[in-house]
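Chains as they are written, first to last, in my numbering: chain A, 1 to 307; chain B, 1 to 307.
In short, the hints are calculated from the structure, not lab data.
Copies of the same chain are indistinguishable here, so a pair counts whether it falls within one copy or spans any two.
Mimicking SDA-like on lysine to any residue, the simulated pairs with C-alpha atoms at most 20 Å apart in a straight line are:
#1 K254 / D267
#2 K222 / N236
#3 K130 / E94
#4 K278 / D207
#5 K254 / Q269
#6 K278 / N237
#7 K254 / H242
#8 K222 / N237
#9 K254 / N237
#10 K130 / Q8
#11 K254 / R240
#12 K278 / R195
#13 K189 / E94
#14 K278 / N236
It should be emphasised that the depicted structure is a prediction, and the values quoted were computed from it without experimental measurement.
There are 2 protein chains.
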Amino acid sequence: MLDNTEKQLLQQIAGISGFQPGSAFNLRANGSGVERHSTPQVTIRQKSDKPGIDIFVAPHTEGEQVHIPVIITESGVNDLVYNDFYIGEGAQVEIIAGCGIHNDGCDTSQHDGIHTFHIGKQAHVVYTEKHYGEGNGEGGRILNPTTNIYMEEGSYAQMDMSQIKGVDSTKRITYAKLGKDAKLVINEKLLTHGRQFAHSDVEVDLDGENSALQIVSRSVGKDDSVQVFHPIARGNNACRAHVQCDSILMGNAKISSIPEIAANHVDAQVVHEAAIGKINSDQLIKLQTFGLSEEEAEAVIVDGFLR
Amino acid sequence: MLDNTEKQLLQQIAGISGFQPGSAFNLRANGSGVERHSTPQVTIRQKSDKPGIDIFVAPHTEGEQVHIPVIITESGVNDLVYNDFYIGEGAQVEIIAGCGIHNDGCDTSQHDGIHTFHIGKQAHVVYTEKHYGEGNGEGGRILNPTTNIYMEEGSYAQMDMSQIKGVDSTKRITYAKLGKDAKLVINEKLLTHGRQFAHSDVEVDLDGENSALQIVSRSVGKDDSVQVFHPIARGNNACRAHVQCDSILMGNAKISSIPEIAANHVDAQVVHEAAIGKINSDQLIKLQTFGLSEEEAEAVIVDGFLR
Numbered sequence: 001m002l003d004n005t006e007k008q009l010l011q012q013i014a015g016i017s018g019f020q021p022g023s024a025f026n027l028r029a030n031g032s033g034v035e036r037h038s039t040p041q042v043t044i045r046q047k048s049d050k051p052g053i054d055i056f057v058a059p060h061t062e063g064e065q066v067h068i069p070v071i072i073t074e075s076g077v078n079d080l081v082y083n084d085f086y087i088g089e090g091a092q093v094e095i096i097a098g099c100g101i102h103n104d105g106c107d108t109s110q111h112d113g114i115h116t117f118h119i120g121k122q123a124h125v126v127y128t129e130k131h132y133g134e135g136n137g138e139g140g141r142i143l144n145p146t147t148n149i150y151m152e153e154g155s156y157a158q159m160d161m162s163q164i165k166g167v168d169s170t171k172r173i174t175y176a177k178l179g180k181d182a183k184l185v186i187n188e189k190l191l192t193h194g195r196q197f198a199h200s201d202v203e204v205d206l207d208g209e210n211s212a213l214q215i216v217s218r219s220v221g222k223d224d225s226v227q228v229f230h231p232i233a234r235g236n237n238a239c240r241a242h243v244q245c246d247s248i249l250m251g252n253a254k255i256s257s258i259p260e261i262a263a264n265h266v267d268a269q270v271v272h273e274a275a276i277g278k279i280n281s282d283q284l285i286k287l288q289t290f291g292l293s294e295e296e297a298e299a300v301i302v303d304g305f306l307r
Numbered sequence: 001m002l003d004n005t006e007k008q009l010l011q012q013i014a015g016i017s018g019f020q021p022g023s024a025f026n027l028r029a030n031g032s033g034v035e036r037h038s039t040p041q042v043t044i045r046q047k048s049d050k051p052g053i054d055i056f057v058a059p060h061t062e063g064e065q066v067h068i069p070v071i072i073t074e075s076g077v078n079d080l081v082y083n084d085f086y087i088g089e090g091a092q093v094e095i096i097a098g099c100g101i102h103n104d105g106c107d108t109s110q111h112d113g114i115h116t117f118h119i120g121k122q123a124h125v126v127y128t129e130k131h132y133g134e135g136n137g138e139g140g141r142i143l144n145p146t147t148n149i150y151m152e153e154g155s156y157a158q159m160d161m162s163q164i165k166g167v168d169s170t171k172r173i174t175y176a177k178l179g180k181d182a183k184l185v186i187n188e189k190l191l192t193h194g195r196q197f198a199h200s201d202v203e204v205d206l207d208g209e210n211s212a213l214q215i216v217s218r219s220v221g222k223d224d225s226v227q228v229f230h231p232i233a234r235g236n237n238a239c240r241a242h243v244q245c246d247s248i249l250m251g252n253a254k255i256s257s258i259p260e261i262a263a264n265h266v267d268a269q270v271v272h273e274a275a276i277g278k279i280n281s282d283q284l285i286k287l288q289t290f291g292l293s294e295e296e297a298e299a300v301i302v303d304g305f306l307r
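The shape of chain A in the complex, shown without the other chains (with noise of 0.2 Å):
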């Protein structure tokens, strides 16, 4: 059912190459739910007021993937889907979600995914989601992804987020809202290159006595791309928030960082760090006299540092 365009997407975005019979599923394809079905202890069920998909974690869920892949494979498609997860306490789930856009037109495909986290107590989800587009059109691939997160006491949640590369636009927002005991880790990797335009902006309240937060943001620019970052941690109550982005310069990039700490509470530790530069000149000369091209010894470097 799904053409070889479609299948090698699915494949880059979601290391699928088609259905995962075992766990529950929803692949969505150029605007439409096209396969869809649960399982027993998690339900996804379509949304009636707009697009969408509601998906239910029972409490006490063990070990169980979720796979929810978007793909466009035809230009001029405008896609906006309003994704909710509701995990039940003390519910253990994997949820592997990306969108990817091949466009061989000229007409601009976009997909707006706003997807909401409702984190129940003692629960642990790690969530990846890999973006990509590719397509020898002149169309843009425009992807605008919105995360928010509610953690409850407890709960921990892991967001390994990434921008793998063909993307020409994006707008990245996160929001994150930490109770008590909560522990949330960002890892967030993007790569731009050409004329490509990337906007990160995540912001996260430490409301909750003794929770905790990590951002590692690690970004590789490219040609003529711009890159702005905007990471705020908000430390309200006892609490630790580190934030760490490291972003690597090639040709005409230009990248900017503008971070935001603020501790409103005496016992609040919030530490940030970023640095931006080119490739260190040592490690591409040691990787040179190995054999490699400059060219080659680059794309080694680039690998390692958004592996």
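Use these hints to put chain B onto chain A, whose structure you have.
Frame of chain A; chain B shown alone:
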């Protein structure tokens, strides 16, 4: 001619107790010039169009000191002053500024100093500015310094700017533009207590090839005070910038840091680090085992941090 209050203020802000006959000197008190003298190398001239002075340091001047303290001992003074510094090519000079307010009255006393530095080629400037407030009145003590720094090729400037204590409200604005091979070091130290408010904006354009910037900002927020830091470093050429902001939080104080770093050139290296948190408890316990009370131990750590 100076009374004891005035002498003590001078001591606090400039480490002197009166006029300095050997060096160029300008004392401003309660909104008007009190005493001024130049040297063969350093000419201080009153502005004709607005309040303030022009300070001319002759090219290739060596080892001169310039003292330009400001004191306010009356309640209800609102003083705005423009000081322009013209540092000749290859000159080496040390400038000691500072402003002390002793306010025993009920009305607000305010000093807004707008300082502009034109630093010639290969010139070397060390600038020290201390801000201090005291007095038992309910009148506010407000200091709003604006500092502009234009640096020509190969020049060096070190700006040591501190707000020791007693300043109820401050809005600090610093802007610098660096030419080829210019190097700027900014050391900022800030202590707030009571219900004080401090806002510090520092904006630097590294325009020149091989220019360098180092900002080290250290602050302590006590009681119910609020501090906001907003440093901006823009690498517009091959350059290096390092911005470091460390803050200690005590009582109910609130501190935010909103740095902005941008690399607009592939050979720009820009690094930012910020940490906000309370005093390290290991250090506190160690000092207490030496017989210090908790308050004494805190004072020792705060003094060491801001020294």
